[in-house]
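Q: Got chain S; can you put chains U, C and Z on it based on the hints?
There are 4 protein chains.
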Amino acid sequence: MVRVTVWNEYRHELRDAHVQAVYPEGIHRAIQGALQPHFEVRTATLDEPEHGLTEAVLEHTDVLIWWGHMAHDAVEDHVVERVHRRILDGMGFIALHSAHYSKVFLKLMGTSCSLRWRDDGRHERLWVVNPGHAIVRGLPLWIDLAHEETYGEVFDIPTPHELVLVSWFPGGEVFRSGVTFYRGAGRIFYFRPGHEAYPTYYHPDIQKILVNAVAWAAPTNGPAPVFGWAPPLEGTPTT
Amino acid sequence: MVRVTVWNEYRHELRDAHVQAVYPEGIHRAIQGALQPHFEVRTATLDEPEHGLTEAVLEHTDVLIWWGHMAHDAVEDHVVERVHRRILDGMGFIALHSAHYSKVFLKLMGTSCSLRWRDDGRHERLWVVNPGHAIVRGLPLWIDLAHEETYGEVFDIPTPHELVLVSWFPGGEVFRSGVTFYRGAGRIFYFRPGHEAYPTYYHPDIQKILVNAVAWAAPTNGPAPVFGWAPPLEGTPTT
Amino acid sequence: MVRVTVWNEYRHELRDAHVQAVYPEGIHRAIQGALQPHFEVRTATLDEPEHGLTEAVLEHTDVLIWWGHMAHDAVEDHVVERVHRRILDGMGFIALHSAHYSKVFLKLMGTSCSLRWRDDGRHERLWVVNPGHAIVRGLPLWIDLAHEETYGEVFDIPTPHELVLVSWFPGGEVFRSGVTFYRGAGRIFYFRPGHEAYPTYYHPDIQKILVNAVAWAAPTNGPAPVFGWAPPLEGTPTT
Amino acid sequence: MVRVTVWNEYRHELRDAHVQAVYPEGIHRAIQGALQPHFEVRTATLDEPEHGLTEAVLEHTDVLIWWGHMAHDAVEDHVVERVHRRILDGMGFIALHSAHYSKVFLKLMGTSCSLRWRDDGRHERLWVVNPGHAIVRGLPLWIDLAHEETYGEVFDIPTPHELVLVSWFPGGEVFRSGVTFYRGAGRIFYFRPGHEAYPTYYHPDIQKILVNAVAWAAPTNGPAPVFGWAPPLEGTPTT
Chain S
-11 MVRVTVWNEY
-1 RHELRDAHVQ
9 AVYPEGIHRA
19 IQGALQPHFE
29 VRTATLDEPE
39 HGLTEAVLEH
49 TDVLIWWGHM
59 AHDAVEDHVV
69 ERVHRRILDG
79 MGFIALHSAH
89 YSKVFLKLMG
99 TSCSLRWRDD
109 GRHERLWVVN
119 PGHAIVRGLP
129 LWIDLAHEET
139 YGEVFDIPTP
149 HELVLVSWFP
159 GGEVFRSGVT
169 FYRGAGRIFY
179 FRPGHEAYPT
189 YYHPDIQKIL
199 VNAVAWAAPT
209 NGPAPVFGWA
219 PPLEGTPTT
Chain U
-11 MVRVTVWNEY
-1 RHELRDAHVQ
9 AVYPEGIHRA
19 IQGALQPHFE
29 VRTATLDEPE
39 HGLTEAVLEH
49 TDVLIWWGHM
59 AHDAVEDHVV
69 ERVHRRILDG
79 MGFIALHSAH
89 YSKVFLKLMG
99 TSCSLRWRDD
109 GRHERLWVVN
119 PGHAIVRGLP
129 LWIDLAHEET
139 YGEVFDIPTP
149 HELVLVSWFP
159 GGEVFRSGVT
169 FYRGAGRIFY
179 FRPGHEAYPT
189 YYHPDIQKIL
199 VNAVAWAAPT
209 NGPAPVFGWA
219 PPLEGTPTT
Chain C
-11 MVRVTVWNEY
-1 RHELRDAHVQ
9 AVYPEGIHRA
19 IQGALQPHFE
29 VRTATLDEPE
39 HGLTEAVLEH
49 TDVLIWWGHM
59 AHDAVEDHVV
69 ERVHRRILDG
79 MGFIALHSAH
89 YSKVFLKLMG
99 TSCSLRWRDD
109 GRHERLWVVN
119 PGHAIVRGLP
129 LWIDLAHEET
139 YGEVFDIPTP
149 HELVLVSWFP
159 GGEVFRSGVT
169 FYRGAGRIFY
179 FRPGHEAYPT
189 YYHPDIQKIL
199 VNAVAWAAPT
209 NGPAPVFGWA
219 PPLEGTPTT
Chain Z
-11 MVRVTVWNEY
-1 RHELRDAHVQ
9 AVYPEGIHRA
19 IQGALQPHFE
29 VRTATLDEPE
39 HGLTEAVLEH
49 TDVLIWWGHM
59 AHDAVEDHVV
69 ERVHRRILDG
79 MGFIALHSAH
89 YSKVFLKLMG
99 TSCSLRWRDD
109 GRHERLWVVN
119 PGHAIVRGLP
129 LWIDLAHEET
139 YGEVFDIPTP
149 HELVLVSWFP
159 GGEVFRSGVT
169 FYRGAGRIFY
179 FRPGHEAYPT
189 YYHPDIQKIL
199 VNAVAWAAPT
209 NGPAPVFGWA
219 PPLEGTPTT
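Chains as they are written, first to last, in this note's numbering: chain S, -11 to 227; chain U, -11 to 227; chain C, -11 to 227; chain Z, -11 to 227.
None of these hints come from the bench; they were simulated from the model.
When chains are identical, the list treats them as one kind, so a pair holds in a single copy or across two.
Here are the simulated SDA-like pairs of lysine to any residue, each with C-alpha atoms no more than 20 angstroms apart in a straight line:
#1 LYS196 <-> GLN24
#2 LYS196 <-> ARG125
#3 LYS91 <-> ARG73
#4 LYS95 <-> HIS39
#5 LYS95 <-> ASP65
#6 LYS95 <-> VAL63
#7 LYS196 <-> ARG17
#8 LYS91 <-> GLY216
#9 LYS91 <-> ARG70
#10 LYS91 <-> HIS60
#11 LYS196 <-> ASN209
#12 LYS196 <-> ALA212
#13 LYS91 <-> PHE215
#14 LYS196 <-> PRO211
#15 LYS91 <-> ASP65
#16 LYS91 <-> ASP35
Bound conformation, chain S alone (with noise of 0.2 angstroms):
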């Protein structure tokens, strides 16, 4: 069974009266209870020691959820370059919403990963692309946000290795909502949605493309690569 580890900086539901009313237990809390039935899930926050990611939690995780957005800098960097390890060896990870300015996700870019926003709450459609990818499997064609914030492009991102959701907003803007990339033998997925104050974890479609994320972003088990000097290997076998 696929072992998930969600985390969450956990401080606007701790601080702001309106978020806490949307997820008074926290969106960890809320994410662990989409994925539970189908996945064996933990937890961990930033004010955890070690950030509650340890390296027996992470040598127990398979995939990694992220959500972060206040205190991207209060994550330490040996933190940052463990998660970081872990993805290259094979652990999935899956970075929502603000997540995109993460010191992980910076990490595994290159690039600024910054881009065009406006806290507004209207509403957001965002439209599956790729209607082959397992991340949308039983998905509608599109689905309705009646309340989130807006993201625009340009999103700095390297071009991802599949574009599978685009959002539409109607202040005019349109964003790569959901995309895929590699990074060793580590998949990765960014998911746009999830301001702290809308109760977009709740929608059961947003709640189907986590569960579909998890299942696609688990390690896959190919061969370790081995690195450094390496003797000839010729000869013509024999089998």
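A: Same frame as chain S, now just chains U, C and Z:
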């Protein structure tokens, strides 16, 4: 100097008064006018012998631009084969608007190239999502066209080599409007705008994109592949 | 359970004694044997009515495997159309070895699919270059085949969606031997090894790749695109 | 005229007699000599103040070429940041040979950039696999280098934007030797050959690739992204 052939179906302009009002000499002449200062530009149309695309014409064409809509089926298969072969040999190919359903484009893509559409003459906003691409040299971050046909996803094309422009429409759709592909040694650019009833090809930024796209699609003169049986290539070279 | 149809031209095995010695019941039976423990597997061959690929068979096929070589032209165009349409609708397609020149593969690619070759029966080494890909689950970093035909670049295919395996040959060639493509909702895997005169399809690692590839290519059941005229989708949603 | 800066670590040439014999004035001078007829070329080396890469130098650099090997760690982080920022803003970057482990390249890639290697001074054959790419303009289908270091897959880089060249080595390895990436508005080319002990950078075809790569990587002067809070863009435009 890059040699361009602008191919146009040239039927709407001869039959529909409102199209003729916009393009009195045909869409091909409007595009020729835009490209002329930069390249050597000829035109060809469906009702010329061989559709104006003889071996000789193609041999002297570096980049072929294609506009078609109501008479895709009237294009003869042997001409389609000829154009296709030239593209694989390195000729650039720019498919405009409803040319997504042209025989040549379908043959290059291998998919249905279907899409959603609605001819409502409303606003289109083209967003640059790849500001480092040569096709958007000198362009603004977005282009507004007051009146255009609406296209919407899913656009059934193979994953593009490069996604350069994404359109936003007020009716709620998004569309991958500027996409590139390699096929053989040929470079292909599909560019969405250009419904026959609107003066899209007179817009200075649209013209600039066409100029850039021609320069980008011109043959690169790399090595010509040698196919078929080949001798072994062993032995340590001496240089 | 994933339903596989293994299609084989099945002519070399009936005509050439040295091929019959290797695959007495045909290449399709060897592949069926490898897949049977994991999937529901039927076979079809060129000389059956409709080449064994009736509408009914295709409707009950999740992944179609294709081996052909000397009789590509004998495959009727209406069957090619049928197979092509099913792939766009989501059926997986695995093209083996000389199936690079099959009508179905050519139609999917839009290029010449030509390559260099030399039937010298020498060594092939397949290197995994994408160890995170599901197709190399459980594989070693490289696979040695004692006797195979040599293929060499340039392999005239569109840029693959994913490059999984690259072959090394002692005669000095390299070849992109394991490559994936999306077309419509269908996933396509081209896999180079498998000349009829060598026992390649009995090799346990080759069989493992075929098993993985079938699992990878099975339909994902995403949303079915709706094409054509579409009404506007305006108005703020209420959910 | 495109302005190039050739950066070289320049330590092997000063310490190792056999390297000095090959590149008496340093690798940077050999490369400068090859590029000079086509571009405006300056050089910079590790032991100059600021490693020769001041803000002023970078501001006047369109394409930066990087050769480093034994002293990657001696490159100061603030210079790495400066170079990285300039690349995202559009400066081209060409990483040569062991620069796969340079701090700048690692930061751009987000992976370990590790590989297999063996300094055996044997034959390398570079195959063109993308004959339509501008970087192989005027080249033959393959290039033989009599003596080079061997590199082998797995090369732990993100999926390249474009795969242009694949190397074959007599010891049984293959390697993705010419690969491109976009990061921000910057274009990146990694090019494998160029061990310090062999006269690789004097080879006319290698020089041709470097010339082509500089032309390809030069800034395209697309629109500069505007990031951060943005006003809505509603309303039908009037043009």
